[in-house]
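Enquirer: As a plain string of letters, each chain reads:
Protein chains: 2
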Amino acid sequence: MGAGSEPRSVQSRLECKQATDATQPNISAMLLLRRCHRLTRFGPLNTQRHQAAPAVASCAVRLRSGSSGEDQRSYQHAHGPSWRQALAGVLAGTGAVLAYGLHHHKAEQVETIEKASALPIFTQEEVTSHRSLEDGVWVTYKGAVYNITEFVAMHPGGDKIMLAAGGDLEPFWALYAVHKQEHVLEILAEYKIGELRAEDLKKQQSVKSSDPYSSDPERHPVLRINNLKPFNAEPPPEILTDSYITPSAIFFKRNHLPVPQVDPDSYRLHVEGLPGGALTLSLEELKTRFPKHTITATLQCAGNRRSEMNKVKQVKGLNWGIAAISNATWSGARLRDVLLAAGYGPDVAKRACHVQFEGLDKDVTGTTYGASIPLNKAVSEEGDVLLAYEMNGEDLPADHGYPVRVVVPGTVGARNVKWLGKIIVSAEESSSHWQQNDYKGFSPATDWDTVDFKSAPAIQELPIQSAITVPADGTAVDRSNEEVTVKGYAWSGGGREVVRVDVSLDGGKTWQVAQLRSSDKDQAPEVSPPPGRAWAWKLWEITVPLPAEAQELEIVCKAVDNSYNMQPDTVAPIWNLRGVLSNAWHRVKVKIREDESEE
Amino acid sequence: MGAGSEPRSVQSRLECKQATDATQPNISAMLLLRRCHRLTRFGPLNTQRHQAAPAVASCAVRLRSGSSGEDQRSYQHAHGPSWRQALAGVLAGTGAVLAYGLHHHKAEQVETIEKASALPIFTQEEVTSHRSLEDGVWVTYKGAVYNITEFVAMHPGGDKIMLAAGGDLEPFWALYAVHKQEHVLEILAEYKIGELRAEDLKKQQSVKSSDPYSSDPERHPVLRINNLKPFNAEPPPEILTDSYITPSAIFFKRNHLPVPQVDPDSYRLHVEGLPGGALTLSLEELKTRFPKHTITATLQCAGNRRSEMNKVKQVKGLNWGIAAISNATWSGARLRDVLLAAGYGPDVAKRACHVQFEGLDKDVTGTTYGASIPLNKAVSEEGDVLLAYEMNGEDLPADHGYPVRVVVPGTVGARNVKWLGKIIVSAEESSSHWQQNDYKGFSPATDWDTVDFKSAPAIQELPIQSAITVPADGTAVDRSNEEVTVKGYAWSGGGREVVRVDVSLDGGKTWQVAQLRSSDKDQAPEVSPPPGRAWAWKLWEITVPLPAEAQELEIVCKAVDNSYNMQPDTVAPIWNLRGVLSNAWHRVKVKIREDESEE
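Just so you know, the protein sequences line up as chains A and B, in that order. For reference, each letter of the first sequence is one residue, going 1284 to 1882 in this note's numbering. For reference, each letter of the second sequence is one residue, going 1284 to 1882 in this note's numbering.
Fair warning: there could be bad hints in the mix.
Note that identical chains are pooled: a pair holds if it fits in a single copy or bridges any two copies.
[Said to hold, decoys possible] For lysine-lysine, the following DSSO-like pairs were computed, each having C-alpha atoms within a straight-line distance of at most 27 Å: (1) K1872 - K1792; (2) K1485 - K1425; (3) K1633 - K1792; (4) K1425 - K1575; (5) K1575 - K1594; (6) K1737 - K1792; (7) K1570 - K1512; (8) K1599 - K1792; (9) K1792 - K1594; (10) K1737 - K1804; (11) K1570 - K1804; (12) K1512 - K1485; (13) K1475 - K1804; (14) K1463 - K1575; (15) K1485 - K1594.
What the hints contain is simulated information worked out from the structure, not anything from laboratory work.
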């Protein structure tokens, strides 16, 4: 820890509002909860509250990012008619439920807090150094500094608040609209300890430089950066599966080159290789000449879960964790419609086999990113390939291809070309490096001395995949919980629907079937897709009793798609020199913490 | 062994033809070889010849069927211009090559053999009891009995001749046209020892009875019968991969009910569920009103390799080995064309989702076999679903659905309804037992007490599959061979092309990539199929040096399709109560026989 790591004792205090009866759900449950907490601070339950600390602290060590996401559903439930039960559920994981359960009848007591009149100025460095329960948990919001250490255990979104520790709250609140409520600001105000130094506040705006990446957009601080230039990052797994539709800000980013700045007015899309010469479309023409089509589709990087292959033997590529996969809605013109307008017909199918895409992103030599897909995928009515100009209902973000990208549902991320400049219907695959000499699978026996890239097909459809996002590897569950909830995602390429996820707590000896869902928990499930057009992932969850004898769990998941493809058991036999297609069973080890044996 | 197991000493002898120079390839290489063999019988090489016997004998024990197939390619090569080299290659596996190599210069010596004038009569039982090198190897052909014990080691098709031991040659020769040559009969005549009893000759024609299966067709004796009524059988694996196109006679048979006898003249196909009422087509109309379309497609039973699941825990179903899969060419009308003629159009697609099929095969209550497939597969131009009336260029055999069956390429065998009587376009899946309560996959945790058949989708596309056909599990290879050749098949459902097969000799620790082929060895490979339409399997082969230290090999294969789906490593985690979808890595154990340590 750097300078200023000693937690400051400044404690802002506000006078509490009159407490209200629990039968009035319109009164903030959070305020009630906060009060309960205050009561327990000096009472006999102080011990229980501190018992919660180790679990949160271990999370803080594990999560290296500088800031936080919160659980939208928890806030919603806390303010709905059944907020009592919901709140109890939310708190169960934090250790605060005991305090709440025993003391909510005392909630009408009023505590008087003085407001500090003059507050100190802190540097960003000082703030950043406070990101654990031991050192204190500080955050900034609109230029003010807050010490939220005391609030961590009460946060309805659980441990995730620690993701924001030492950083700014705003990008996380932008993710979870539930925070945009008056009472949330009221709670926050209570913890104000000072102001952020003016120059550090300015630095929170991105610093531009003159390198090729200087025009890259700002990114969400929660992203775990695998490479800065070009930018490659993934969200923390436990945030990833909070939302069926991944918010664009935390959707994994996989750029091969600097993000190009494209002027939407002068943008032109060129379509070549069809009878009647080239077709050129402005963004406006793309939006108005063709019907707008929307799909929900999961994109996955070929290198997702590469880090597990690196543990077998080092491979070449970014060390992706399990979150180089995300799910969004995409809207745009159907590629099929554009190709038909440009002269595509049965005659073309006789000579052409591929549709190539060129991005507007370039390397220093002027070479653009490129890829291709099979013609039949591009022109099929059921292929659903889009020239997308919207992601999650808004213009594409810069990192995701503004103003137009290809979305090839069911197909590896690398073919979903961003900042699309040109479409070429051709007898040949794209000649780009990424099509010819990358993104291909090989035998574990193939090394860089023996590899013949021509011997393997370019990856298009991806195989069945699943991973565990909660709990994280290396964490612990308390024996007193009696059960453990396991969550994750599952997806398969080629429009094959995930039909089952099996979960094991004993390394794969015995299995149980998880619950699947195709929407957020409080929403109706999406209509089942037609056969072969299941482009979106499924989230899954299962709560299992803790085995009586076990001291450690090896939690494993494996998914099955509707072609009954299964994931391979182990990583080594699918290891390949590029570390792609890493889809073995996902395994996490979790210790069971016996209640008496820990502090 | 039954009565008459003592080998008889009768030895028929024929006078050899004048031996000819080896530079005259039109002279039978087999006659030459036979002569070489005769020479060695009484010479110093007798020892070497007998060294070959244990390998063949072990094969005889392993192969329980009563009769034999031979290697067509070997005969062809033996009579081609490069017959010297080819013959040496063919013989390498039998131990006879040494005899040939040292003695072919003595081939012009003439040996005089007396012909026995009066030959004994044998019963079928006596013949059947001679099916090993120890007991002698007898066969019948057109009512004559032959003792071919001496010929076994010289057979160009290798050990496969033992499949015919104790039985009739004719069905095997029918499989391999190479035997239909004058000199083959000449060789055989040499080994004649008697005649088959007249009543047993008659019995070689099938005995009809009055049970529901009495009109079932005759089957090839090489088939390994898993169930007689209904008839379910598979070919021996080592024969299966001799031909890229499986001969119809040994194509695996999977009947659910008695084979119906269908009169082609009165046959009618009914198409229902489309605008304009039912369409009825005669066989002639089906053949003449619609273009004839031919595809090569592999069919696989959902229960293929079920026996491996039975080793984990008993499942319900026929104990299939690895050969409930075969490959054939199929010709017929496209289902799509017939549905269009019957009124199918975009309006139908809005209300219908499935195409149901009803067979003409019935149980005692009159219930017919039935199944359905998704409508989009049925009507897609690229789905290639056929109403087939030809298999391998001839009318469908009775066991394969004469006169018309559905061929749904890429889809589990169970949906390829035979003896097709009715097609129904519907909003619903087939209500048949086989669609609703069978042919579905479940978790290993699901048992017959907990299974909910509604919770799993009916199997349609099958997952990636491969298996080792040569060498067989439990056999041995000689250390002196220095290498081992491994052969097998690989296939994936849904038109996904097999792109790689990895083979391991050490149980999966290290791997090598096998050679794939899409045709018979001496033919040009088939043209690569369009993406998503790879309906046919690939055969594969690899020759690997024997590891210096190993005493036993655990040979493993695993295949990869062009969606990069892989086979799971082990059987237990994919075990399911019906024993379907058994596609874990295939493993065979083979001992290495050190030269000095065996007899």
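Enquirer: All hints are to be evaluated individually against the structure, with a verdict given for each.
Expert: Hint by hint, here is what the structure shows:
In the homo-oligomer, the alpha carbons of K1872 and K1792 lie at most 27 Å apart both inside one protomer (15 Å) and across protomers (24 Å), since each shortest distance falls under that limit. In the homo-oligomer, the alpha carbons of K1485 and K1425 lie at most 27 Å apart inside one protomer (11 Å), although the nearest pairing across protomers, at 100 Å, exceeds that limit. Proximity of K1633 and K1792 under a CA criterion of 27 Å is satisfied in neither setting, with 52 Å inside one chain copy and 45 Å between copies. Taking the shortest alpha-carbon separations for K1425 and K1575, neither the intra-copy value of 38 Å nor the inter-copy value of 73 Å comes in at or below 27 Å.
In this assembly of identical chains, the alpha carbons of K1575 and K1594 never lie at most 27 Å apart, being 45 Å within a copy and 54 Å across copies at closest. For a Cα distance limit of 27 Å, the shortest separation of K1737 from K1792 across copies, 26 Å, qualifies, whereas the shortest one inside one copy, 40 Å, does not. In the homo-oligomer, the alpha carbons of K1570 and K1512 never lie at most 27 Å apart, since the shortest distance is 32 Å inside one protomer and 64 Å across protomers. Taking identical chains as interchangeable, the C-alpha atoms of K1599 and K1792 lie at most 27 Å apart only when they sit on different chains, with a minimum of 21 Å there against 33 Å within one chain.
In this homomeric assembly, K1792 and K1594 come within 27 Å of each other (Cα to Cα) both inside a single copy, at 23 Å, and across copies, at 16 Å. Within a single copy, K1737 and K1804 get their C-alpha atoms only as close as 45 Å, which misses the 27 Å cut-off; across copies the closest is 23 Å, which meets it. Taking CA atoms no more than 27 Å apart as the test, K1570 paired with K1804 passes in neither setting, with 33 Å inside one copy and 54 Å between copies. Within a single copy, K1512 and K1485 get their C-alpha atoms as close as 23 Å, which meets the 27 Å cut-off; across copies the closest is 83 Å, which misses it.
With identical chains, the CA atoms of K1475 and K1804 are never at most 27 Å apart, being 34 Å at best within one copy and 80 Å at best between copies. Proximity of K1463 to K1575 under the C-alpha cut-off of 27 Å is found in neither arrangement, the shortest distances being 31 Å within a copy and 66 Å between copies. Taking identical chains as interchangeable, the C-alpha atoms of K1485 and K1594 are never at most 27 Å apart, the minima being 41 Å within one chain and 68 Å between chains.
Hints 3, 4, 5, 7, 11, 13, 14 and 15 from the earlier list are contradicted by this structure; the remaining hints agree with it.
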